[in-house]
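Kindly produce the complete structure, drawing on both the sequences and the hints.
For reference, each letter of the sequence shown is one residue, going 126 to 374 in our numbering.
What the hints contain is simulated information worked out from the structure, not anything from laboratory work.
There is no bait here: all hints are sound.
Straight-line distance between alpha carbons at most 20 Å, and here's what the computed DMTMM-like set of lysine to aspartate or glutamate pairs gives:
(1) LYS180 <-> ASP228
(2) LYS192 <-> GLU168
(3) LYS180 <-> ASP341
(4) LYS222 <-> GLU312
(5) LYS180 <-> GLU198
(6) LYS192 <-> ASP156
(7) LYS222 <-> GLU296
(8) LYS180 <-> GLU166
(9) LYS180 <-> ASP215
(10) LYS188 <-> ASP215
(11) LYS188 <-> GLU166
(12) LYS188 <-> ASP313
(13) LYS180 <-> ASP156
All of these numbers come straight from a predicted model, not from anything done at the bench.
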Amino acid sequence: MEILKLFFYLFIIPVIYASYDCQISWCGDEDIVIRFPFELEGEQQDPYCGYPGFKLLCTNDSKAVLKLPHTGEFYVRNINYIRQQIQVYDPDHCLPKRLLSLDLSGSPFAAIFHNNYTFLSCPYPSTESQLVPIECLSNSTNFVSSIPSVNLTNSLLESCYVIRNISVPVEWQGLQYEGNFRDDLSEDLRLTWYTPDCTECKSQGGLCGFDNGKSDQVGCFSDYQTGKYVSFSFCIFHMLTQKLRIQKV
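Given below as structure tokens:
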């Protein structure tokens with residue numbers, strides 16, 4: 126009996142507690158909370174503290190940076206762990222330019238919104254008062270604008286030429302006032318991830334992480350080190366000891 130207790134305290138508890146060795150980090154003016162599946166680059170933590178593809182960088186000027194393999198770096202505005210969404214913006218404050226070449230392949234992230242937009246280049250001065258110039262893409266002779274593709278008219282095509290038709294992963298925030306389309310795509314980019322799926326765990330107030338450091342299995346744990354897995358292990362231990370008592374009798 127004593128040997129069984131000793132084995133439990135020396136081996137089972139440390140393995141369970143090892144799942145909580147990962148520390149929560151903060152970065153940025155927005156006080157971005159960085160926890161599993163994200164990890165902060167440069168911090169001395171075990172490899173299982175972050176999920177592949179979720180590494181963030183905290184710059185010297187306190188900006189949390191997400192780097193997408195084929196698109197480059199974005200600053201992080203917010204991370205919603207319950208909804209599994211990350212809100213990012215362009216460091217140069219020209220999101221429309223980034224949208225023209227956005228490629229999420231090779232990353233664990235996917236677009237939340239899919240809206241078809243047409244990018245137009247129009248000469249100054251413009252008779253198309255319904256178009257809003259995208260300042261960061263425009264110059265002194267021509268301005269660039271974008272509108273939902275369903276609103277593209279023949280009159281626009283007569284005075285402007287189409288740069289590109291693309292599916293834009295940005296929610297349309299523009300409002301239509303008497304035919305005027307007010308949307309320069311300056312909103313943040315909102316992305317989601319489906320793997321690892323921690324929505325149910327987070328909705329119950331738990332911590333999501335690799336199960337005891339295993340790199341291929343994600344588990345849900347309590348915010349305290351006496352979580353579900355610990356309670357379950359104590360239950361097993363109790364059943365084993367009761368069984369031994371019965372056998373002795």
